[in-house]
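Please build the complex by placing chain U on the supplied structure of chain V, with the hints as guidance.
Number of protein chains: 2
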Amino acid sequence: MQRLKLWKSGWQLLKLSFEGASTQVSKPSRKYSQGPSPFGLLFDIDGVLVRGRTPIPAAKQCFKKLVDHNGKYKVPVVFVTNAGNCMRQTKAEHLSQLLEAEVSADQVMLSHSPLRMFTQFHKMCVLVSGQGPVKEVAHNLGFEDVVTIDMLREAYPLLDIVDVDRRPKDMIPPTKGLRKIDAVILFGEPVRWETNLQLIVDVLLTSGCPGNDWNAVQYPHIPVLACNMDLLWMAEAKNPRFGHGMFLVCLENLYKKVTGHDLKYEALIGKPSVVTYNYAELLIRQQAEKLGWTTPVKRLYAIGDNPMADIYGANLYNRYLQTAHLTKGRPVEAPTESAVSQMFPSGPGRSAGISGAEDELPEGCSSILVCTGVYSKDQEELPADPTETVTEQKIFHGHRDFRFDPDLTQPSFVVDDVKEAVELVFHQEGWPLE
Amino acid sequence: MQRLKLWKSGWQLLKLSFEGASTQVSKPSRKYSQGPSPFGLLFDIDGVLVRGRTPIPAAKQCFKKLVDHNGKYKVPVVFVTNAGNCMRQTKAEHLSQLLEAEVSADQVMLSHSPLRMFTQFHKMCVLVSGQGPVKEVAHNLGFEDVVTIDMLREAYPLLDIVDVDRRPKDMIPPTKGLRKIDAVILFGEPVRWETNLQLIVDVLLTSGCPGNDWNAVQYPHIPVLACNMDLLWMAEAKNPRFGHGMFLVCLENLYKKVTGHDLKYEALIGKPSVVTYNYAELLIRQQAEKLGWTTPVKRLYAIGDNPMADIYGANLYNRYLQTAHLTKGRPVEAPTESAVSQMFPSGPGRSAGISGAEDELPEGCSSILVCTGVYSKDQEELPADPTETVTEQKIFHGHRDFRFDPDLTQPSFVVDDVKEAVELVFHQEGWPLE
Numbered sequence: 060m061q062r063l064k065l066w067k068s069g070w071q072l073l074k075l076s077f078e079g080a081s082t083q084v085s086k087p088s089r090k091y092s093q094g095p096s097p098f099g100l101l102f103d104i105d106g107v108l109v110r111g112r113t114p115i116p117a118a119k120q121c122f123k124k125l126v127d128h129n130g131k132y133k134v135p136v137v138f139v140t141n142a143g144n145c146m147r148q149t150k151a152e153h154l155s156q157l158l159e160a161e162v163s164a165d166q167v168m169l170s171h172s173p174l175r176m177f178t179q180f181h182k183m184c185v186l187v188s189g190q191g192p193v194k195e196v197a198h199n200l201g202f203e204d205v206v207t208i209d210m211l212r213e214a215y216p217l218l219d220i221v222d223v224d225r226r227p228k229d230m231i232p233p234t235k236g237l238r239k240i241d242a243v244i245l246f247g248e249p250v251r252w253e254t255n256l257q258l259i260v261d262v263l264l265t266s267g268c269p270g271n272d273w274n275a276v277q278y279p280h281i282p283v284l285a286c287n288m289d290l291l292w293m294a295e296a297k298n299p300r301f302g303h304g305m306f307l308v309c310l311e312n313l314y315k316k317v318t319g320h321d322l323k324y325e326a327l328i329g330k331p332s333v334v335t336y337n338y339a340e341l342l343i344r345q346q347a348e349k350l351g352w353t354t355p356v357k358r359l360y361a362i363g364d365n366p367m368a369d370i371y372g373a374n375l376y377n378r379y380l381q382t383a384h385l386t387k388g389r390p391v392e393a394p395t396e397s398a399v400s401q402m403f404p405s406g407p408g409r410s411a412g413i414s415g416a417e418d419e420l421p422e423g424c425s426s427i428l429v430c431t432g433v434y435s436k437d438q439e440e441l442p443a444d445p446t447e448t449v450t451e452q453k454i455f456h457g458h459r460d461f462r463f464d465p466d467l468t469q470p471s472f473v474v475d476d477v478k479e480a481v482e483l484v485f486h487q488e489g490w491p492l493e
Numbered sequence: 060m061q062r063l064k065l066w067k068s069g070w071q072l073l074k075l076s077f078e079g080a081s082t083q084v085s086k087p088s089r090k091y092s093q094g095p096s097p098f099g100l101l102f103d104i105d106g107v108l109v110r111g112r113t114p115i116p117a118a119k120q121c122f123k124k125l126v127d128h129n130g131k132y133k134v135p136v137v138f139v140t141n142a143g144n145c146m147r148q149t150k151a152e153h154l155s156q157l158l159e160a161e162v163s164a165d166q167v168m169l170s171h172s173p174l175r176m177f178t179q180f181h182k183m184c185v186l187v188s189g190q191g192p193v194k195e196v197a198h199n200l201g202f203e204d205v206v207t208i209d210m211l212r213e214a215y216p217l218l219d220i221v222d223v224d225r226r227p228k229d230m231i232p233p234t235k236g237l238r239k240i241d242a243v244i245l246f247g248e249p250v251r252w253e254t255n256l257q258l259i260v261d262v263l264l265t266s267g268c269p270g271n272d273w274n275a276v277q278y279p280h281i282p283v284l285a286c287n288m289d290l291l292w293m294a295e296a297k298n299p300r301f302g303h304g305m306f307l308v309c310l311e312n313l314y315k316k317v318t319g320h321d322l323k324y325e326a327l328i329g330k331p332s333v334v335t336y337n338y339a340e341l342l343i344r345q346q347a348e349k350l351g352w353t354t355p356v357k358r359l360y361a362i363g364d365n366p367m368a369d370i371y372g373a374n375l376y377n378r379y380l381q382t383a384h385l386t387k388g389r390p391v392e393a394p395t396e397s398a399v400s401q402m403f404p405s406g407p408g409r410s411a412g413i414s415g416a417e418d419e420l421p422e423g424c425s426s427i428l429v430c431t432g433v434y435s436k437d438q439e440e441l442p443a444d445p446t447e448t449v450t451e452q453k454i455f456h457g458h459r460d461f462r463f464d465p466d467l468t469q470p471s472f473v474v475d476d477v478k479e480a481v482e483l484v485f486h487q488e489g490w491p492l493e
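Note that the protein sequences, when read in sequence, are chains V and U.
Position 172 of the first sequence, counted from 1, bears residue number 231 in the numbering used here, the numbering being contiguous throughout.
Position 331 of the second sequence, counted from 1, bears residue number 390 in the numbering used here, the numbering being contiguous throughout.
One chain only, chain V, in its complex shape (with noise of 0.2 Å):
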């Protein structure tokens, strides 16, 4: 049997760029200032600090560094993460006993995080979807009439029967039906996805009104606003586990299958896209203000493992701030391209007005790439012909309506770990860590 190994060429490709970026550590090719200059970190957390519920040995070492003999950061630090089934405040209460460094719920923004900005949908009634206390997470965003999954099973009891222990034993329960839905809301992966994928497909093929017939549909279907595209993540597990990137794949083709029609997102939410770091940089600034800082942050660094959401998004939330001092006094568009006008929402994110005025922004986001998580530098030898397989976009691990852009994948910098990644940056900074 022959050979082809494509799906890993891919990430071949990418590490060899990624290897001459990796030079840079040794030969800085520019630096940002003389003197020490106010910058931020933004922390990825599995693959980065953890691996499922297993510490990474580098990220506590780090984190020692980070804090002074008062247990405060150094630098404002936000956690920026695709997960997304939890709360802000469990997810800092985690982060704490792990990295044994008081994180608060204010420096972790989850996928959703910047929903809370989409204002104009708080007051529809919405259908949520995802695992954990998803009812919870859509009131404490500011999303006013929220449906679950459960609550649609229960008032519509014929339509999830995958499971035949599942389905109506002997009578029949009445249908009770529900107010209308307006927009879906997909927060993370969720359990059971036939139940999922059956009540979301039923809702946009029926305007909301999962009671009436599939007949009614229009299109475009009502509103669907996704967070988190990760395909993959790693966990324990040697190799990569499914995210809610994979239940979107499945959601978009069975849709694509029983209507002949694209799926149409209103937004993606979470990284790589430019509206969750411009959140994250507000976060930042919020920190840099309780540190007391009285200069504006000139630069972020963004430490993660995974090249299609921690380095694709940290390059083109860097492209955006480069646009948006070019532009200076003007409202700032987010870049231009088709591959990432998806990502924006049409009302909130789309200027820079989000965080403050555009003098206050960040010069740049640097982007490091650490080798604990989905990416290796063990990875083994490029099939004969990797260009092809990329060109050709047979393997492209980002999400469906991302038009690849191969520059965006070529991190500023590759390290070993996330204590290495900390190390450069303040060594590039010129500021001690010790």
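There could be a bad hint or two in this list.
Identical chains blur together in the list; that is why a pair holds if it fits in one copy or across any two.
[To be verified] Derived lysine-lysine pairs resembling PhoX-like cross-links, with alpha carbons at most 25 Å apart:
| no. | residue 1 | residue 2 |
| --- | --- | --- |
| 1 | K478 | K194 |
| 2 | K297 | K235 |
| 3 | K182 | K323 |
| 4 | K478 | K315 |
| 5 | K228 | K131 |
| 6 | K315 | K297 |
| 7 | K239 | K297 |
| 8 | K297 | K478 |
| 9 | K228 | K119 |
Simulated from the structure, these hints should not be mistaken for laboratory data.
Then chain U, alone, in the frame of chain V:
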């Protein structure tokens, strides 16, 4: 918003064709025999005899007429369903109760029944996916070394972690491992699709050893055999429900997203594949023998509600029978169109030998579409240009590996329900029914 309703146009176009075909009911264009000649009946179950657990009234009335005063069937009757998450005996008992006529297990074929003939896989270690008594089903079909998804989860406890509540809590349980898996058999839609999707992709990317690196991926992957391609089926709900075909759409797209390659099927079993009708014909022959018939069955009538499964399948089998008679004396190959070549296993099922000498093969198989299930006469008006949507294959509810042949979707007859179908057949054949 523009109201396109494109998803419906496929059905609509079919409907037009069917309505044309249905004029044959009053003006039959052909008559197969001058006097009574032996024939057999193939009944689909869901959407024809039942919807969910609710019997369709016409079914009971019709079966009263089909048995004599001793409870013996007047003609050979076989039930051909794409359901697969149960045992034949269970299905037979359910039908007996429902139809108030005795149905024996050897009158029932489920989507996986033809796997009994795939003896080259019976000694391999096979991973089975589905719900209900999958292990028992596999053993009954002749598989000797069966691994279930649950066994895989237990042997590799780090793999299935989409459900936060099922992740290892404190101690990480040891990976016990398991023997190498040689092939994957997809019986029917499972529960917790995320679990099966993740583990099946793991098995395919590691050539059957999910404890190994994905790096070791080989393409083509180990054999995958899938039963039941039905995308949608009718239960009690007014809109169609997701069938195993939807699970296959997910699996195909996730595999492709990760690897860049098409998932390959070693065999696709169940309606509309010819191997299924070959097997059904074998069962009809056995029933005819039980009735003491000495002359071979001349014609089969297949009654179903799903144009893409029941009608397409019966017509494809009819084409196969015609080829068989034209090539009498030579080994009979399945129809040669590439559209259906994937429907045939490389070993058994490829020649008419399955069901005995070709001399005894029926002359043809007629397809009868009822309107109590997936297909309905009452659907709304056609869009402006329905042909476009079908020719562009924007909407195609058949399996990915079918090349859509519109000729094969035209039923010989369209009737309201199963009672009308049976009356029509007896009338056609000049047999008394009362």
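Evaluation of the provided hints:
1. K478 with K194: neither (37 Å within a copy, 49 Å between copies)
2. K297 with K235: between (46 Å within a copy, 15 Å between copies)
3. K182 with K323: Answer is within: at 21 Å inside a copy they meet the 25 Å cutoff, but 47 Å across does not.
4. K478 with K315: Classified as neither: same-chain Cα gap 45 Å, cross-chain 36 Å, threshold 25 Å.
5. K228 with K131: Cα proximity of K228 and K131: none, with 59 Å in one copy and 31 Å across.
6. K315 with K297: between (33 Å within a copy, 21 Å between copies)
7. K239 with K297: Classified as between; 18 Å across copies, 44 Å inside a copy.
8. K297 with K478: Only inside one copy: K297 and K478 sit 22 Å apart there, 58 Å across copies, limit 25 Å.
9. K228 with K119: For K228 and K119, only the inter-copy Cα distance (21 Å) is at most 25 Å; the intra-copy one is 53 Å.
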